[in-house]
Amino acid sequence: MARKKNMPEGITPNASHKRMVDTDWFRGLVLLLPYALMFATFILAPVMIAVGLSFTHFDVVNDPKFAGLENYLTLFTGDVVFMKYVLPNTVMYAIIVGIGGYVLSFLMAWVLAQVTPRARTLYSLAMYTPSMTGQLMVTIIFKAAFSGDQNGIVNAWLLQLRAIDQPIQWLIQPEHFMQIMIIVSLWSSMGIGFLSMLSGIMNIDQELYEAAYVDGLRNRAQEIIYITVPSMKPQMLFGAVMSIVGAFNMGWIGISLAGSNPTPEYSGQLIVNHIDDYGYLRYEMGYAAAVSVVLLCLVWICSQVANKLFTEKEEF
Amino acid sequence: MANFQGSRINPTRFSKGQIKFHAIALPLSIAMLIPIVYIINHAFKPLGELFAFPPEIFVKHPTLQNFRDLFNLGGSTGIPMSRYFFNSMIVSVFTVILNVIITIMAAYVFSKKKFAIKGALWGMNQMALMFVTTAVGVPRFIVITKMGLVNTWFAHILPLLAMPVGLFLVKQFVDGIPDALIEAAVMDGAGELTIIAKVIVPLTKPALATSIVLTFQAVWNNVETSNNFITDEAMRTFNYFASSIGTNAAMSAAGVTAAIAVIVFIPNLIIFICMQSQVMNTMSHSGIK
Numbered sequence: 001m002a003r004k005k006n007m008p009e010g011i012t013p014n015a016s017h018k019r020m021v022d023t024d025w026f027r028g029l030v031l032l033l034p035y036a037l038m039f040a041t042f043i044l045a046p047v048m049i050a051v052g053l054s055f056t057h058f059d060v061v062n063d064p065k066f067a068g069l070e071n072y073l074t075l076f077t078g079d080v081v082f083m084k085y086v087l088p089n090t091v092m093y094a095i096i097v098g099i100g101g102y103v104l105s106f107l108m109a110w111v112l113a114q115v116t117p118r119a120r121t122l123y124s125l126a127m128y129t130p131s132m133t134g135q136l137m138v139t140i141i142f143k144a145a146f147s148g149d150q151n152g153i154v155n156a157w158l159l160q161l162r163a164i165d166q167p168i169q170w171l172i173q174p175e176h177f178m179q180i181m182i183i184v185s186l187w188s189s190m191g192i193g194f195l196s197m198l199s200g201i202m203n204i205d206q207e208l209y210e211a212a213y214v215d216g217l218r219n220r221a222q223e224i225i226y227i228t229v230p231s232m233k234p235q236m237l238f239g240a241v242m243s244i245v246g247a248f249n250m251g252w253i254g255i256s257l258a259g260s261n262p263t264p265e266y267s268g269q270l271i272v273n274h275i276d277d278y279g280y281l282r283y284e285m286g287y288a289a290a291v292s293v294v295l296l297c298l299v300w301i302c303s304q305v306a307n308k309l310f311t312e313k314e315e316f
Numbered sequence: 317m318a319n320f321q322g323s324r325i326n327p328t329r330f331s332k333g334q335i336k337f338h339a340i341a342l343p344l345s346i347a348m349l350i351p352i353v354y355i356i357n358h359a360f361k362p363l364g365e366l367f368a369f370p371p372e373i374f375v376k377h378p379t380l381q382n383f384r385d386l387f388n389l390g391g392s393t394g395i396p397m398s399r400y401f402f403n404s405m406i407v408s409v410f411t412v413i414l415n416v417i418i419t420i421m422a423a424y425v426f427s428k429k430k431f432a433i434k435g436a437l438w439g440m441n442q443m444a445l446m447f448v449t450t451a452v453g454v455p456r457f458i459v460i461t462k463m464g465l466v467n468t469w470f471a472h473i474l475p476l477l478a479m480p481v482g483l484f485l486v487k488q489f490v491d492g493i494p495d496a497l498i499e500a501a502v503m504d505g506a507g508e509l510t511i512i513a514k515v516i517v518p519l520t521k522p523a524l525a526t527s528i529v530l531t532f533q534a535v536w537n538n539v540e541t542s543n544n545f546i547t548d549e550a551m552r553t554f555n556y557f558a559s560s561i562g563t564n565a566a567m568s569a570a571g572v573t574a575a576i577a578v579i580v581f582i583p584n585l586i587i588f589i590c591m592q593s594q595v596m597n598t599m600s601h602s603g604i605k
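Protein sequence lines, in the order shown, are assigned to chains H and Y.
For the first sequence, the residue numbers in this note's numbering are 1 to 316.
For the second sequence, the residue numbers in this note's numbering are 317 to 605.
Hint data in this document are derived by calculation from the structure and do not stem from the laboratory.
Just to be clear, a hint being listed does not mean it is correct.
[What the hints assert, rightly or not] Using C-beta positions, here's what the derived DEER-type ranges look like:
1) Y:Phe374 x H:Pro230: 40 to 50 Å
2) Y:Gln381 x H:Thr77: 34 to 44 Å
3) Y:Leu497 x H:Lys308: 32 to 42 Å
4) Y:Asp495 x H:Gly78: 52 to 62 Å
[What the hints assert, rightly or not] Only pairs whose alpha carbons sit at most 35 Å apart, straight line, appear in this in silico DSBU-like list of lysine-lysine:
5) H:Lys308 x H:Lys233
6) H:Lys233 x Y:Lys336
7) Y:Lys514 x H:Lys233
8) H:Lys65 x H:Lys84
[Unchecked claim] Stretches of chain H that chain Y covers, calculated by requiring three or more beta carbons in the stretch to come under 8 Å of a beta carbon on chain Y:
9) 66 to 79
10) 96 to 102
11) 106 to 115
12) 123 to 134
13) 275 to 283
Glycine included, every Cβ here is placed at the ideal spot set by N, Cα and C.
Kindly generate the complete structure, drawing on both the sequences and the hints.
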């Protein structure tokens with residue numbers, strides 16, 4: 001704080017404002033402003049608007065009409081599709097892709113930490129590559145692979161193995177649709193959460209392990225439970241948050257694979273798709289906003305659980 | 317130490333004990349790469365191989381025919397493919413540069429400045445790590461319409477400038493820079509912008525590289541903007557053009573869709589490979605404490 005007086009500042013040449021401008025916090029504010037403005041406009045404001053609209057009926061053309069809790073009541077008591085398909089689908093999908101993908105990421109990171117650096121670089125590149133393919137490439141790859149005729153490579157393989165007699169309509173039959181969504185999502189789930197956990201494992205002090213073995217640690221499984229995970233809680237938390245958000249953000253996958261919204265008999269319908277269904281197809285923006293708010297709450301609850309699990313507690 | 321058989325994490329040399337880890341990692345790595353190898357090969361297959369039974373992963377007689385078909389197709393939509401590509405380049409370059417500038421400034425403030433509501437603002441950014449963009453598509457549309465940004469470059473660029481994950485990673489890195497370095501620069505009469513340019517940026521290069529990778533992926537792979545906020549065909553991006561072909565083309569165009577997937581994917585891959593070691597360096601600072 002003492003430095004601000006003897007420091008000639010270049011931010012403003014206007015001498016009359018000198019005293020107000022030449023304070024540490026003001027300069028901080030100026031530097032923070034661009035980020036804060038963008039954050040407020042494109043992240044905070046949309047969330048606020050969503051919360052506001054969720055209490056209204058809004059069809060884009062006419063002004064929003066206040067509706068109280070009606071949208072939420074309809075959502076939880078009157079929306080058969082939501083309760084019967086969307087919610088169970090989302091919960092199942094989030095558990096398998098979010099938690100399953102997270103555990104897989106951790107285990108892969110742990111395995112990769114046990115090999116030499118060059119091999120590790122190649123493996124981690126292979127693991128990470130699918131996560132940067134993006135929506136378009138994922139769609140094109142898996143539409144071709146799961147194509148419903150015998151030219152689809154999955155069908156061709158199964159036919160050759162005589163596991164099936166005739167090609168399966170993977171992307172049309174509801175009973176397979178969710179499985180394919182999950183496979184594809186897991187495939188592309190090893191993103192920066194995975195990289196973060198990998199470096200978390202790499203940075204653990206080797207002496208911790210040696211000390212633990214002296215203290216009677218016996219095998220690798222104990223090593224993971226008692227040393228590895230507790231020593232990298234911050235990275236575990238970052239990885240968890242990334243998995244949760246990743247799982248909820250992958251909602252486009254079903255629509256892309258099916259080529260239409262809703263997915264076949266709602267078999268792959270997730271909350272995100274339900275929002276688009278009401279927002280962009282039926283123009284019931286108030287209702288769509290209520291679903292958005294529920295989704296954001298779900299993500300928040302999941303993250304709080306992760307927080308509870310991995311936040312560093314004071315030892316004493 | 318005879319008892320210690322524990323983790324030889326980050327071994328420097330190969331030993332027999334590592335074989336079991338390779339036995340897990342190698343097949344999984346191959347499985348992860350097969351879909352990508354498959355689509356790349358698909359892009360170079362002549363028509364006969366695209367529809368051969370049984371289909372093969374690898375191309376036997378590679379041809380550029382699919383790419384030629386693609387370029388011809390581009391001419392028939394009225395807007396030349398080069399225009400979409402040009403739009404994507406402009407949007408990506410500006411988004412990445414502006415994103416890095418505002419991110420480093422904010423990271424510096426959050427890490428090295430003290431002011432009253434800093435904790436609350438940082439908490440808000442932490443919450444925003446969990447932000448699911450697709451959940452608020454409609455409100456975002458309202459914001460962009462009300463601001464009159466529809467059909468402008470700003471609609472492409474501005475929504476992607478505040479990236480909570482990028483700020484988070486860069487800030488964790490700035491935390492590692494000793495205050496003494498900054499005080500020394502202040503003694504030498506450096507202003508804030510000089511400190512950022514001469515002290516902070518050189519020492520946070522890995523984190524900035526990571527932020528660049530993430531931003532580039534977000535902007536290059538983005539289709540929502542062109543779909544929702546842009547109605548003028550000449551203002552839409554390459555990825556939009558690619559998805560309109562990739563998702564609508566009939567089966568006969570399977571080779572063409574694979575070709576465009578490859579074109580869209582390559583810049584992502586190149587940027588990540590170039591920045592790969594910097595990214596790993598950043599990730600060691602990525603924990604949420």
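Each hint tested on the structure:
Checking the proposed 40 to 50 Å range against phenylalanine 374 of chain Y and proline 230 of chain H shows it holds: the Cβ atoms sit about 46 Å from each other. At roughly 57 Å, the beta carbons of glutamine 381 of chain Y and threonine 77 of chain H sit outside the given window of 34 to 44 Å. A beta carbon spacing of about 37 Å between leucine 497 of chain Y and lysine 308 of chain H agrees with the range 32 to 42 Å that was offered as a hint. Taking the beta carbon of each, aspartate 495 of chain Y and glycine 78 of chain H are about 58 Å apart, inside 52 to 62 Å as hinted.
For the hint linking lysine 308 of chain H to lysine 233 of chain H, the alpha-carbon distance of about 11 Å falls within 35 Å, and the restraint holds. A C-alpha spacing of about 26 Å is found between lysine 233 of chain H and lysine 336 of chain Y, which places the hinted pair at or below 35 Å, so the restraint holds. Restraint check: the Cα-Cα separation between lysine 514 of chain Y and lysine 233 of chain H comes to about 33 Å, which is no more than 35 Å; the hinted pair holds. Proposed proximity of lysine 65 of chain H and lysine 84 of chain H is supported: the alpha carbons are some 28 Å apart, at most 35 Å.
Counting residues of the stretch 66 to 79 of chain H whose CB lies closer than 8 Å to any CB of chain Y gives 0, which falls below the minimum of 3, so the coverage claim is violated. For the stretch 96 to 102 of chain H, the assignment as covered by chain Y is violated, since 0 residues bring a beta-carbon within under 8 Å of that chain's beta-carbons and 3 are needed. With 6 residues having a Cβ less than 8 Å from any Cβ of chain Y, the stretch 106 to 115 of chain H passes the three-residue criterion, so the hint holds. Check on the stretch 123 to 134 of chain H: 11 of its residues sit with their Cβ under 8 Å from a Cβ of chain Y, so the three-residue criterion for coverage holds.
Chain Y is given as covering the stretch 275 to 283 of chain H, and this holds because 4 residues of the stretch bring a CB closer than 8 Å to a CB of that chain, at least three being needed.
In summary, the structure is inconsistent with hints 2, 9, 10 from the numbered list given earlier, while agreeing with the others.
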